[in-house]
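A.B. asks: Chains as they are written, first to last, in the numbering used here: chain D, 10 to 400; chain U, 2 to 527.
A hint or two may mislead.
[As the list claims (entries may be wrong)] DMTMM-like cross-link-like pairs, simulated, lysine to aspartate or glutamate; straight-line CA separation at most 20 Å:
#1 D:Lys39 / U:Asp345
#2 U:Lys69 / U:Glu6
#3 D:Lys39 / U:Asp416
#4 U:Lys359 / U:Glu421
#5 U:Lys359 / D:Glu291
#6 U:Lys470 / U:Asp267
#7 U:Lys237 / U:Glu35
#8 U:Lys350 / U:Asp367
#9 U:Lys200 / U:Asp90
Calculated from the structure, these hints are not laboratory results.
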Amino acid sequence: MAHPEHTPMAENGTAALPPERRTWVSPLNKRRWQNFKANRRALWSLIIFALLYGVSLGAELIANDKPLLVQYQGSYYTPIFNFYPETEFGGDFRTEAVYRDIEVECLIISGGLDTCWDDPEDVIREVQDTGMFEGESVAQGWVLWPLIPYSYNTVNDIGRAAPSPPDGTHLLGTDDTARDVLARVIYGFRLSISFALIVTFLTSVIGITAGAIQGYFGGLIDLFFQRIIELWGATPSLYIIIIIGAIFTIDFWTLVFLMVLFGWTGLVGVVRAEFLRARNFEYVRAARALGVSNRVIIFRHVLPNAMVATLTFLPFIVTGTIGTLAALDFLGFGLPSSAPSLGEMTLQAKNNLQAPWLAFTAFFTFAIMLSLLVFIFEGVRDAFDPRKTFQ
Amino acid sequence: MNVLEVENLNVTFRQSGQETHAVRGVSFHVEEGETVALVGESGSGKSVTALSTVALLPDSAGVEGSIKYRGDEMVNASEAQLRQVRGNDISFIFQEPMTSLNPLHTIEKQLGESLSLHQGLSGQAARGRIVELLTKVGIRDPETRLSSYPHQLSGGQRQRVMIAMALANGPDLLIADEPTTALDVTIQAQILELLAELKRSEKMSLLFITHDLGIVRRIADRVCVMQGGEIVEQGKTAEIFTNPQHNYTKTLLAAEPTGQPDAVPDGAEEIVSTSDLRIWFPITRGLMRRTAGHIKAVNAASVSVREGETLGIVGESGSGKTTLALAIMRLISSQGPVVFLGQDIQGWKSSALKPLRKDMQIVFQDPFGSLSPRMTIEQIVSEGLGVHGTSSGKDRRAMVADILHEVGLDPAMMDRYPHEFSGGQRQRIAIARAMILNPRLVVLDEPTSALDMTVQVQIVDLLRDLQRKHGLAYLFISHDLKVVRALSHKVMVMKQGDIVEAGTRDEIFSNPQTDYTRALMAAAFG
Numbered sequence: 010m011a012h013p014e015h016t017p018m019a020e021n022g023t024a025a026l027p028p029e030r031r032t033w034v035s036p037l038n039k040r041r042w043q044n045f046k047a048n049r050r051a052l053w054s055l056i057i058f059a060l061l062y063g064v065s066l067g068a069e070l071i072a073n074d075k076p077l078l079v080q081y082q083g084s085y086y087t088p089i090f091n092f093y094p095e096t097e098f099g100g101d102f103r104t105e106a107v108y109r110d111i112e113v114e115c116l117i118i119s120g121g122l123d124t125c126w127d128d129p130e131d132v133i134r135e136v137q138d139t140g141m142f143e144g145e146s147v148a149q150g151w152v153l154w155p156l157i158p159y160s161y162n163t164v165n166d167i168g169r170a171a172p173s174p175p176d177g178t179h180l181l182g183t184d185d186t187a188r189d190v191l192a193r194v195i196y197g198f199r200l201s202i203s204f205a206l207i208v209t210f211l212t213s214v215i216g217i218t219a220g221a222i223q224g225y226f227g228g229l230i231d232l233f234f235q236r237i238i239e240l241w242g243a244t245p246s247l248y249i250i251i252i253i254g255a256i257f258t259i260d261f262w263t264l265v266f267l268m269v270l271f272g273w274t275g276l277v278g279v280v281r282a283e284f285l286r287a288r289n290f291e292y293v294r295a296a297r298a299l300g301v302s303n304r305v306i307i308f309r310h311v312l313p314n315a316m317v318a319t320l321t322f323l324p325f326i327v328t329g330t331i332g333t334l335a336a337l338d339f340l341g342f343g344l345p346s347s348a349p350s351l352g353e354m355t356l357q358a359k360n361n362l363q364a365p366w367l368a369f370t371a372f373f374t375f376a377i378m379l380s381l382l383v384f385i386f387e388g389v390r391d392a393f394d395p396r397k398t399f400q
Numbered sequence: 002m003n004v005l006e007v008e009n010l011n012v013t014f015r016q017s018g019q020e021t022h023a024v025r026g027v028s029f030h031v032e033e034g035e036t037v038a039l040v041g042e043s044g045s046g047k048s049v050t051a052l053s054t055v056a057l058l059p060d061s062a063g064v065e066g067s068i069k070y071r072g073d074e075m076v077n078a079s080e081a082q083l084r085q086v087r088g089n090d091i092s093f094i095f096q097e098p099m100t101s102l103n104p105l106h107t108i109e110k111q112l113g114e115s116l117s118l119h120q121g122l123s124g125q126a127a128r129g130r131i132v133e134l135l136t137k138v139g140i141r142d143p144e145t146r147l148s149s150y151p152h153q154l155s156g157g158q159r160q161r162v163m164i165a166m167a168l169a170n171g172p173d174l175l176i177a178d179e180p181t182t183a184l185d186v187t188i189q190a191q192i193l194e195l196l197a198e199l200k201r202s203e204k205m206s207l208l209f210i211t212h213d214l215g216i217v218r219r220i221a222d223r224v225c226v227m228q229g230g231e232i233v234e235q236g237k238t239a240e241i242f243t244n245p246q247h248n249y250t251k252t253l254l255a256a257e258p259t260g261q262p263d264a265v266p267d268g269a270e271e272i273v274s275t276s277d278l279r280i281w282f283p284i285t286r287g288l289m290r291r292t293a294g295h296i297k298a299v300n301a302a303s304v305s306v307r308e309g310e311t312l313g314i315v316g317e318s319g320s321g322k323t324t325l326a327l328a329i330m331r332l333i334s335s336q337g338p339v340v341f342l343g344q345d346i347q348g349w350k351s352s353a354l355k356p357l358r359k360d361m362q363i364v365f366q367d368p369f370g371s372l373s374p375r376m377t378i379e380q381i382v383s384e385g386l387g388v389h390g391t392s393s394g395k396d397r398r399a400m401v402a403d404i405l406h407e408v409g410l411d412p413a414m415m416d417r418y419p420h421e422f423s424g425g426q427r428q429r430i431a432i433a434r435a436m437i438l439n440p441r442l443v444v445l446d447e448p449t450s451a452l453d454m455t456v457q458v459q460i461v462d463l464l465r466d467l468q469r470k471h472g473l474a475y476l477f478i479s480h481d482l483k484v485v486r487a488l489s490h491k492v493m494v495m496k497q498g499d500i501v502e503a504g505t506r507d508e509i510f511s512n513p514q515t516d517y518t519r520a521l522m523a524a525a526f527g
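Go ahead and model the full structure; you've got the sequences and the hints to work with.
C.D. replies: Shown next, in the form of structure tokens:
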């Protein structure tokens, strides 16, 4: 092989200093991104997932039982962000206005006419058609509703037996307490993904730290912590969650805490093994000979090695967490039943086999969500594969 | 009749749209009972040529041309026909005896597999044949070895078993791909003798692939010199060695580390010394982890290196030479005083050692393993500066550029990653990483043994230059006596943790005292 071992250099002996190439993204990460982009399926999954999750993060603006914007007697109101008592719109109660009530709507549109209490439909129709009511001009107002005018816990009594099948008002039908299924799916998607991402992030941070310490220092520390992890791993976490659930009310953060408490051991083994392997690499030894501190060696030299194995594991943790949350909700030990939970929807589907839209919705939501995640992580793992990176 | 005839062979690898021409228009033949050597440096296409003879290349390889085994065309032959030839008529021995045997099977099972496959032997008949084969390759007490697993054998024994497997079906042609490279020099000599003897007694032909010209001279009848996928010269061994025609052959033949180091000035400061340094690893047994014995890696080593001086430590694998060097650098624990720049640093805490780390550096053997693949050259070389600080008034990048220039690399390459460099260039980077801190002592742990001969010579020159310029003290560890002779002022020979002989370069090389040293010399300079 004709490798030039020497490169000709300026005669005066001073080497020309190349311009500094400092970019925020290192060439290595750029190449990883290129690799990821080359995987069309992963890229499209990422785009779709980002859209879905991005949209669901603004769920309050899409599916809500409060209007986005109200104009009443010339002033503007934003009910989603602010509390307005009914008296504000000429009503009687000091409690928050129930915007879905036809009377309240009538009050807003007609600028607070008293006739609204008797015949709201006619008032609304006349004001909207003519801009006047019984010959007198009114301060006409309007209401801007979100795309889906129901929140996840809005009970919409439409006078039919719940669960009701899909129709024009409820695109995916209603569940057994007459709540809009589509709204619940949007909120449930956000809740599931957020829960999974938070739990995965926390378990990874703790797991990687523990594994790194064990693997890097080895010896007695390793021996001692391995035994602790064995004991910890043998604790039946489901029972603990059920017991805790019997004593306290479980909310989102309690469940996150419990899941992290028992989930952090998952990554320890992998990271520990990678560290045990990598701590004897020659470049790690070279760094030790340079006097580099342990902390820096761990972060700069060893951790990147462990990251590939960790990334291979992450999709299992994310999807597993979504599954566990759904299972807990399905069994009734998870979040309270008012929460927008996909697991609870699955339970309803089981209890209401005559309402197949529930089962289909739950199934497709899970299938699409989990498939997208798996495809994305597959792409990420391939992009981090050192063999692909260095071609 | 020719056993093997290769004509106008072209091998092309296709990977993600890129084509690499590994072998270009190669023609040669092997006659009956003849030994032909394919010689070349890494990447010259010699192994690819050998593997293509029985279509053992991966799917990404495209083979064109003609390969005839006893007149039968092998290129595009059917899989069944190839299987008939592989292992039966043409046998292979590979380089790595560690990985070419399955660690989960006994010797008997591994040998028996090939026998039952090609000859239908089983039971007592197979056993008899296996014992016969093991005797033939010089394994003592073959009956007791039958149920051994590969890890219970030494490297040399494993390579013997590999040869026995290759011989099992009485091949016509034995292809040996660097069969001795991973072995110690004394074992190397034994294996070569064995191969030559077997070739005579079994009336085989031998196609021998190597980078080591010393071996070629000893074993081959004819030589094909390969460079960049082409055969640049072929002919009778004696002719090639006495009268090489091609420039590349001349370079290869001349590529031998020569010369000697500059004399150490009188009154040079002693950089490091040890007296009776001992490195014993305890073996613990039982529940209470009671120390039941020790693995004695190094016994009573006394060394001393002065400024501008090189101490060469010679020994075969497992002799404890690397362990000793790591202990002197306080990278592993040991017993006994280690005096560095006048201070006994034995037992110092790592925080106390940190300022001293600047003055002692190490360069490792494997230029591929010693550079982190995820860092740029600048990051790798400047890592030590992050710990010990840049010298005053100097920019980090300017210092990296200077040191890269000093080791003979273009500073413009400092933003690249290690995989873009050749082995020799990587070793220069590793040397730059050590040199940037201006150390007093550099431990060189086989810095040349993973490199091609021509590159070795350049690295030896570079090391000598650096020593002259900076008055460095070297602790040079190697199994290669030629390199040691070119670099060392003093030499120490180690065997199984003991220092069997120590003295100045001239004493050891011209008048070795012990049998072991003499055996090493005989194997190396033959």
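A.B. asks: If a hint holds in the structure, say so; if it doesn't, say that too.
C.D. replies: Okay, the hints, checked on the actual structure:
no., hint, verdict
1, D:Lys39 / U:Asp345, "violated (49 Å)"
2, U:Lys69 / U:Glu6, "holds (5 Å)"
3, D:Lys39 / U:Asp416, "holds (14 Å)"
4, U:Lys359 / U:Glu421, "violated (28 Å)"
5, U:Lys359 / D:Glu291, "holds (18 Å)"
6, U:Lys470 / U:Asp267, "holds (17 Å)"
7, U:Lys237 / U:Glu35, "holds (11 Å)"
8, U:Lys350 / U:Asp367, "violated (29 Å)"
9, U:Lys200 / U:Asp90, "holds (14 Å)"
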